[in-house]
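Sequences and hints are given; from them, build the entire structure.
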Amino acid sequence: MSRDTISEIRKESERFLKALNEELYRNLSGLKRGSNLNSIYQAHPNLGQADLFLSLRDMSPEDKQEGVRPAVPLLLGFLARSFIGSKTSKVTDRILATEALQEILVERRSMPYRAAQAEIKKEKKRARREEIDKGRKEILLKLNPLFIELLNAMHSASAEVGYSSYLRLCDEVESLKLDHLEERAQVFLNDTEYIYRDLLGWFFQKKMDLKLKDAKIHDLSYLLNSFELSANFPKTDLKSLAKTLLNEMNLGNGENVKSDLAQRRGKVSEPFCLPIEPPHNTVFSIYPIGGVEDYESFFYGLGSAICYGYTEPEDDFESRNLRESTSVEIFGQLFETLIFQPKWIRRYLKSDTGGDFLRFLYLRRLMKIRYYSGKLIYEIALHKDEDFESKSDFYKQVLRTATLCEHSEADYLVYCRPFFYTAAYLKASLVEPVLRSYLRERFDEQWWRDKEAGDFLRRMWKEGGKITSQEILKRLGHEELDISPLITTFQEVLG
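For the sequence shown, my numbering gives the first residue as 1, with consecutive numbering after it.
Any given hint might turn out to be false.
[Claimed, not checked] Cross-link-like lysine-lysine pairs, in silico, DSSO-like; alpha carbons within 30 Å at most:
| hint | residue 1 | residue 2 |
| --- | --- | --- |
| 1 | K451 | K474 |
| 2 | K396 | K213 |
| 3 | K384 | K142 |
| 4 | K11 | K258 |
| 5 | K206 | K396 |
| 6 | K137 | K32 |
| 7 | K343 | K368 |
[What the hints assert, rightly or not] Computed spacing ranges between beta-carbons, pair by pair:
| hint | residue 1 | residue 2 | range |
| --- | --- | --- | --- |
| 8 | R264 | Y415 | 15 to 23 Å |
| 9 | K207 | Q42 | 49 to 57 Å |
| 10 | R359 | S164 | 44 to 52 Å |
| 11 | E131 | D209 | 14 to 22 Å |
If you're looking for bench data, these hints aren't it; they were derived computationally from the structure. Idealized CB from N, CA, C, for every residue including glycine.
Printed below as a string of structure tokens:
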């Protein structure tokens, strides 16, 4: 593959990705009920060609000229996603339209399917949470055949480009090392099981008069967004709070980052970030419900988006627009975990961090990482063969072990995002405590008030797609992923 071919890929990819992310944003944010992803892929057929992906993958070291070599991993991952996306865009359009249009009837009141999880998190009455969850499951009965169709298409496409499995394709192009990551996920579950069980059972009994053995996942969702975690995170202007924080770190006001905090009908309740035209236009979205959830989602979105906002505008397409998924997650989690720092809470929220509050807050994060650990174990098993219909019982079993709460078999496919996002999240969870510790030791315990810490982060962000999770680890003085710093984080508060 010549330098000229790489240049043509960059030009077409720029137009394609901008159109694709704009369309995704409109649907996921509730601005548009349907989606036209398939027409966007059809308008850029070259990026969906297997030959283009294979020619880049199979380039010899001699063919990788200076100036082309650094671009190859990012472009290879992008072309893999484009190829899989071209094969699945029709069914993805149907899934997005179905999700956006479906409504749940609860006590003669209609609510959007996409808002169901958010409503559960703030619903005090258990019977009503059950009713919302029942309506959500009924819609999943319509969606699950579409998810199976999507999985089959992803696996077939992987075989078309010569991979023995979709799992193998993702592992290679995303550099995930899934076997090693699965082992670490199991270790984390084993090493935190006792403290998690003890704390969760105690809080369920104290806050909700509910025995752990009877708890369902909707009970856990409500528990961890209520009580102290609601009162200590009052409703505020999150955008103004972010400006204050960024100014203290000499990071400006984040002018290139746009936040969508509207509560629209048809909007997804999970936070997401999409680079539309970086560095000038990156958007992140949250679905506000009040309490700790808003703070956590907002600062996670801010960290995910701001690493695009400081990209050099004259850099090549891949450096401006593409990132290793794990590296984006690292910065998202770095900003998300600000709300777990007692001095940050006292400074910005004027909240008391005494009593059970901090332990309750850290239990929330511990649950989230245990959930993703279990989910990775499950997803690896899901993709090891194509018998997708038979995996619902295994899903319930693994997620019950991870969260200690009952899950529904109806959920076994709905949260499986492409290209093992779960793995990227877990890898980032291992790196983020190392980065946070480095910032504290090199700059200040309150690194989030230090201009030199801001300069350090900005220099990494300016490198765009070239800054991978492995490169971040090396700069922090580490060579390999280590689970110890993450476990230590919880032992210091919960141990």
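field: Structure versus earlier hints, numbers of those that do not hold, lowest first
entry: Nothing - there is no hint that the structure violates, so all of them hold.
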